[in-house]
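Protein chains in written order, with the working numbering: chain A, 1 to 112; chain B, 1001 to 1113.
Please keep in mind that the hints were generated in silico from the structure rather than gathered at the bench.
Some hints here could point you the wrong way.
Straight-line alpha carbon distances no greater than 25 Å define the calculated PhoX-like cross-link-like pairs of lysine-lysine that follow [as the list claims (entries may be wrong)]: (1) A:K57 with A:K68; (2) A:K40 with B:K1009; (3) A:K37 with B:K1083; (4) A:K56 with A:K3; (5) A:K41 with A:K57; (6) B:K1083 with A:K41; (7) A:K3 with B:K1057; (8) B:K1097 with A:K56; (9) B:K1071 with B:K1057; (10) B:K1057 with A:K41.
Residues per chain, in single letters:
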Amino acid sequence: EDKVVQSPLSLVVHEGDTVTLNCSYEVTNFRSLLWYKQEKKAPTFLFMLTSSGIEKKSGRLSSILDKKELFSILNITATQTGDSAVYLCAVSRGSTLGRLYFGRGTQLTVWP
Amino acid sequence: DGGITQSPKYLFRKEGQNVTLSCEQNLNHDAMYWYRQDPGQGLRLIYYSQIVNDFQKGDIAEGYSVSREKKESFPLTVTSAQKNPTAFYLCASSTTKVNTEAFFGQGTRLTVV
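One chain only, chain A, in its complex shape (with noise of 0.2 Å):
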């Protein structure tokens, strides 16, 4: 059965503290991983990753995949409360181009 695991869960911190969001999966045909921001309603894209080892990065956001040892991290450095959001992993496969499999998703809470 094919898994994308988040964590943590839950996540609550200090405006400019740095996070660490992490995503581990097994999916069979692996083609790509994404990280989607979720802050009420529709997720927003933020990533896609299918090379291990090259950092994607905007602003203060970077991501990095690993595929030997099938994980992804997602870092937010100087937080802002507008950062507060569930953050969602998904991955895609080989066979069913565009279907996405999701984590349960780590909810971020940015305390002023």
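With chain A fixed as given, assemble chain B onto it according to the hints.
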């Protein structure tokens, strides 16, 4: 503006009634998806369609039905056979290329009373 439109945003229904959730996209995407999200849970796939007039069951299809008569539209019907229909429903679309991301609508929150 290109995007995905779900309607309505909030829906209340009595137990035993069927209800249809609308999803329309103008991104010219071939594939469309319906996910269900419960509190503290990730997104679980109900149905998906990669081409007009064809669709496949996802992981939790029981009690749901869909149709794909037009490329732009993928309505979801929650039937009375669905045991616990109260949830947040998200529609998404994507291309069918390798390594493509999915784009999501704003969701419909269904409450059955």
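A quick look at each hint next to the structure:
no.: 1; hint: A:K57 with A:K68; result: holds (21 Å)
no.: 2; hint: A:K40 with B:K1009; result: holds (12 Å)
no.: 3; hint: A:K37 with B:K1083; result: violated (29 Å)
no.: 4; hint: A:K56 with A:K3; result: holds (23 Å)
no.: 5; hint: A:K41 with A:K57; result: holds (24 Å)
no.: 6; hint: B:K1083 with A:K41; result: holds (24 Å)
no.: 7; hint: A:K3 with B:K1057; result: holds (18 Å)
no.: 8; hint: B:K1097 with A:K56; result: holds (21 Å)
no.: 9; hint: B:K1071 with B:K1057; result: holds (18 Å)
no.: 10; hint: B:K1057 with A:K41; result: holds (24 Å)
The structure shown violates just one earlier hint, number 3.
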